[in-house]
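Here the sequence shown is numbered in our numbering, starting from 1 and rising by one per residue.
Hints listed in this document are in silico derivations from the structure and should not be mistaken for laboratory results.
Cross-link-like lysine-lysine pairs, in silico, DSSO-like; alpha carbons within 30 Å at most:
#	residue 1	residue 2
1	LYS244	LYS218
2	LYS247	LYS108
3	LYS201	LYS218
4	LYS247	LYS210
5	LYS201	LYS244
6	LYS201	LYS108
7	LYS108	LYS244
8	LYS210	LYS108
9	LYS244	LYS210
10	LYS201	LYS247
11	LYS218	LYS108
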Amino acid sequence: MGDYYSDEPILYIDRFLELRKRENTQYNDVIRLRNYRGLSGAFNTHKDLNVVTSSLLYNFSYRDTLTNNGIGVLPRYELEDNPDFKQLVVGLVITNRENTQALLLRRKTDDSQNNTLTLIQGHVSIPEFKTDEEIDEYLTSTTLYDVLYDNMLREAEEEVRGLISIVYPTLPAMHIEYFANNDYDASNISYYHIGFIFELKVDDLSSLTKLVSGEPNKHNLEIVNIADVLDDPLLDDWVYEIFKLNK
Numbered sequence: 001m002g003d004y005y006s007d008e009p010i011l012y013i014d015r016f017l018e019l020r021k022r023e024n025t026q027y028n029d030v031i032r033l034r035n036y037r038g039l040s041g042a043f044n045t046h047k048d049l050n051v052v053t054s055s056l057l058y059n060f061s062y063r064d065t066l067t068n069n070g071i072g073v074l075p076r077y078e079l080e081d082n083p084d085f086k087q088l089v090v091g092l093v094i095t096n097r098e099n100t101q102a103l104l105l106r107r108k109t110d111d112s113q114n115n116t117l118t119l120i121q122g123h124v125s126i127p128e129f130k131t132d133e134e135i136d137e138y139l140t141s142t143t144l145y146d147v148l149y150d151n152m153l154r155e156a157e158e159e160v161r162g163l164i165s166i167v168y169p170t171l172p173a174m175h176i177e178y179f180a181n182n183d184y185d186a187s188n189i190s191y192y193h194i195g196f197i198f199e200l201k202v203d204d205l206s207s208l209t210k211l212v213s214g215e216p217n218k219h220n221l222e223i224v225n226i227a228d229v230l231d232d233p234l235l236d237d238w239v240y241e242i243f244k245l246n247k
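Please build the complete structure, drawing on both the sequences and the hints.
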């Protein structure tokens, strides 16, 4: 996730939706994407009509610019825990092709996230430009996909040392497979974020056992049996929903 600093330039969108949670209603944070051009083709695999997925109301075009997608940039300290905004997060889920095992991070933090099992993930940031004109030029000329892809590669290399060199031949075939969002529970950290999650499938996860954490003070690497961790209360919500979608 990289080193945190308050002035880091983070991408965000304005919050346009807030749901009132209803009793006896299932809410899903994660949806699978129908196509790889954008989010307008999102869908939910659940058939239960009581399931509410606000993610279906979002619309992004990956090949369009950040500006045309309604995305702006602010210092991280202006966005943290601010209900007016949703910060962009990029993630990477790594599983074997049978969806029985996954490579996850076991977090070491001094907050409620301590010991949780999470994806490789981090905030989507941009270069630190010196002038507003440079920032505007970046936002109006850079596509959403390019900035998400670049941030995913950076997070993967920062959090799992040597991962990119091992999986590099498969990178061009990788797509954004999931969109994660929460508009109904302000007590949940995901309420303040939207997640664009790439998926990487490998033939044999045991080939990754030699990898080590790039930030050992922040997390350890774990290869888990998915069936064994589905009921683990320390499994991150987004990871849980991705695993459930793939059952």
